[in-house]
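> The chain contents come next:
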Amino acid sequence: MISLRAVTVRYGSTPAISSMSEEIGPGEWVGLIGPNGAGKTTLLSAVAGLVPHEGDIRVDGAIVSSLSPKRLARLVAYVPQQPVLPADMTVGQYVLLGRTPHIGYFGFESAADRRVCGELVDSLDLGPMSQRPLATLSGGEMQRLVLARALAQEAPVLLLDEPTSALDLGRRVEALELVDTLRKERGLTVLSALHDLTLAGQFAERLILLAGGRAVVTGKPDEVLTERSLTGHFGAHVRVLCSDGDLVVVPQRVR
Amino acid sequence: MSTTLPQRPLVPVPTIAGLDVTDSSLRPVSARRAVVVAFGALVGAVVLGVSIGPADVSFSAVLRVVASHVPFVHFHSGVSRVDADVLWQIRLPRVVLGGMVGAMLAGGGAAFQGVFRNPLADPYLLGVAAGAGLGATLVIVAGSRLSELLPLAAFAGAVGAVTLTYLVGATVGRQGATVSIVLAGVAVAALLTAIQTFLQQQHAPDLQAVYGWILGSLTVATWSDVVLILPYVALSAVVLIAHRRLLDVLRVGEDEAESLGVRSARVRLTVVAAATLGTAAAVAVSGLIGFVGIIVPHTVRLTTNASYRVVVPVSMIGGAAFLILADVAARTVLAPSEIPIGVVTAFVGAPFFLFVLRSRRVGRST
Chain A
1 MISLRAVTVR YGSTPAISSM SEEIGPGEWV GLIGPNGAGK TTLLSAVAGL VPHEGDIRVD
61 GAIVSSLSPK RLARLVAYVP QQPVLPADMT VGQYVLLGRT PHIGYFGFES AADRRVCGEL
121 VDSLDLGPMS QRPLATLSGG EMQRLVLARA LAQEAPVLLL DEPTSALDLG RRVEALELVD
181 TLRKERGLTV LSALHDLTLA GQFAERLILL AGGRAVVTGK PDEVLTERSL TGHFGAHVRV
241 LCSDGDLVVV PQRVR
Chain B
1001 MSTTLPQRPL VPVPTIAGLD VTDSSLRPVS ARRAVVVAFG ALVGAVVLGV SIGPADVSFS
1061 AVLRVVASHV PFVHFHSGVS RVDADVLWQI RLPRVVLGGM VGAMLAGGGA AFQGVFRNPL
1121 ADPYLLGVAA GAGLGATLVI VAGSRLSELL PLAAFAGAVG AVTLTYLVGA TVGRQGATVS
1181 IVLAGVAVAA LLTAIQTFLQ QQHAPDLQAV YGWILGSLTV ATWSDVVLIL PYVALSAVVL
1241 IAHRRLLDVL RVGEDEAESL GVRSARVRLT VVAAATLGTA AAVAVSGLIG FVGIIVPHTV
1301 RLTTNASYRV VVPVSMIGGA AFLILADVAA RTVLAPSEIP IGVVTAFVGA PFFLFVLRSR
1361 RVGRST
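Here the protein sequences come in this chain order: A and B.
Numbering of the first sequence is given in this note's numbering, commencing with residue 1 and proceeding in unit increments.
Numbering of the second sequence is given in this note's numbering, commencing with residue 1001 and proceeding in unit increments.
These are computed hints drawn from the structure, not numbers from a lab.
Be aware that one or more of the hints could be misleading.
[Stated by the list, open to error] Residues from chain B that face chain A, not an exhaustive set, calculated with beta carbons under 10 Å: (1) A1067; (2) P1071; (3) S1259; (4) S1264; (5) R1301; (6) N1305.
[What the hints assert, rightly or not] The list that follows gives simulated cross-link-like pairs (lysine to any residue, SDA-like), each with its CA atoms no further than 25 Å apart: (7) K70(A) to V1267(B); (8) K70(A) to A1170(B); (9) K70(A) to V1082(B); (10) K70(A) to V1141(B); (11) K220(A) to I24(A); (12) K70(A) to G1078(B).
Glycine residues also receive a C-beta, built at the ideal position from the N, C-alpha and C atoms.
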């Protein structure tokens, strides 16, 4: 579904992503992990067509750099780490923005567009607050809201940049469970940067460990979440424990 | 979000396509009411504008004079020749021109606040006022035989200033980020104002004329002024209203708008070009009338809805009403002498602006 061939992204002369190649299959959930500055956000932005790149990025067979923004937005929905939420926009208005790629330049939302958004708002439990301004929402509600806008694009690929960073522990699990449910229901391909390594191991089917703009380890969670690779690339001492079949990554203090 | 069919209003309400008064997420009552209230204010302002003046003429006489000018209809107004001329040659063009100028300044302000995501943006942000001021000053100091050229020079100065701002601002920074365009506008305005001030100081006898123009006035409005700016005003209004949904998309920022399939830099350029054309045409015939572009859109935002689908069209209607009323005040408060209209709009605008600044909405994203 997403195919990267020798992808390099440069900011100025320094490469933020160096010659990366990867295949992500349809319906797969691939997690991007790695230390700050490893290139996770850059990679997601490149797939979303927001930063110029060298090499080939294809989504559903189409070359990203040759697609119009509108065509790309029908294939890829991108949720940045800190979405802009205009304080006085209402929940309903915000979700409707997700229909933009399906509306002509001078056009307006059709009844069908409104129906799609109405169903999403209901299925993500945002119905009772559809008239509320965004400033009044809690962190968990905001996370569901930005997911609703992204899903309104009806794109087969969902890019999530640290979708849980602003949430408490319970809301984190809830948000990722929601993504997983939606992925299975709608057959979405999910590529997401994940900060919490334990959750990354629990939810992603495959992990890519990025360091210095390169994919240094790729594979199933138990192949990537090893004490050796994490200690080496995160610059921290970690223990990886196993609890009921789940991997638990525990940072160690150096005394 | 309701998906049921909307109920038809019992009374036909002026609606604008896309300003979907049945959309529950747009707070239907307030959006519809805003359109009605703005239209009502405009009608009231027009009635006041044509009825008030030194010559005592009834409103029905106004209607009869207007009817007598409808092409192909031979209707005798029965109004005295002098009164008819006062109405047709002086008051009506002044009201119409005031409405057009007010609509452009308010609509341009709303549009600039949208594309620059800055609640303090007004249509003069990118140098329109400084450019027009320089153009007008050049004509005034060059001598009275060129005075016919004043609107053209002001228009050219305004458009030239914004073009310069865009050429400089959009080529630096990341794909012409809005901040660099705004900063370039500040620099261009400062430069042109410096030149204008220098010229003004070198030609002290013309000081009064230059100053009078800068404060703005509709005193010498004629039908030819109306015809002169009509194409620009019409084009600008159509383009701005057509972009009102896209202005809402831009509220989530350039990157996210882009990821939703909108070429934000192109939308911004189109909107800026349209708003600049309309504003330049307005200042060319009216001088530099301040504050309209800030207070009218913010009033709409604060009292009804922050969606640009509402803010852009309602600001235009409300701006027209506001400027016609300001002009009525300008010519009646100290009658028979006139107060510059820019003084009236600022006198109302400054206290209102303080109120906007104090209100909690300012400082958040528009």
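> Against this structure, judge whether each hint is valid.
Right, here's what the structure says about each hint:
no. : hint               : in the structure
1   : A1067              : violated (37 Å)
2   : P1071              : violated (33 Å)
3   : S1259              : holds (4 Å)
4   : S1264              : holds (9 Å)
5   : R1301              : holds (8 Å)
6   : N1305              : holds (8 Å)
7   : K70(A) to V1267(B) : holds (14 Å)
8   : K70(A) to A1170(B) : holds (23 Å)
9   : K70(A) to V1082(B) : violated (61 Å)
10  : K70(A) to V1141(B) : violated (52 Å)
11  : K220(A) to I24(A)  : holds (13 Å)
12  : K70(A) to G1078(B) : violated (61 Å)
Checked against the numbered hints above, the structure breaks hints 1, 2, 9, 10 and 12 and satisfies the rest.
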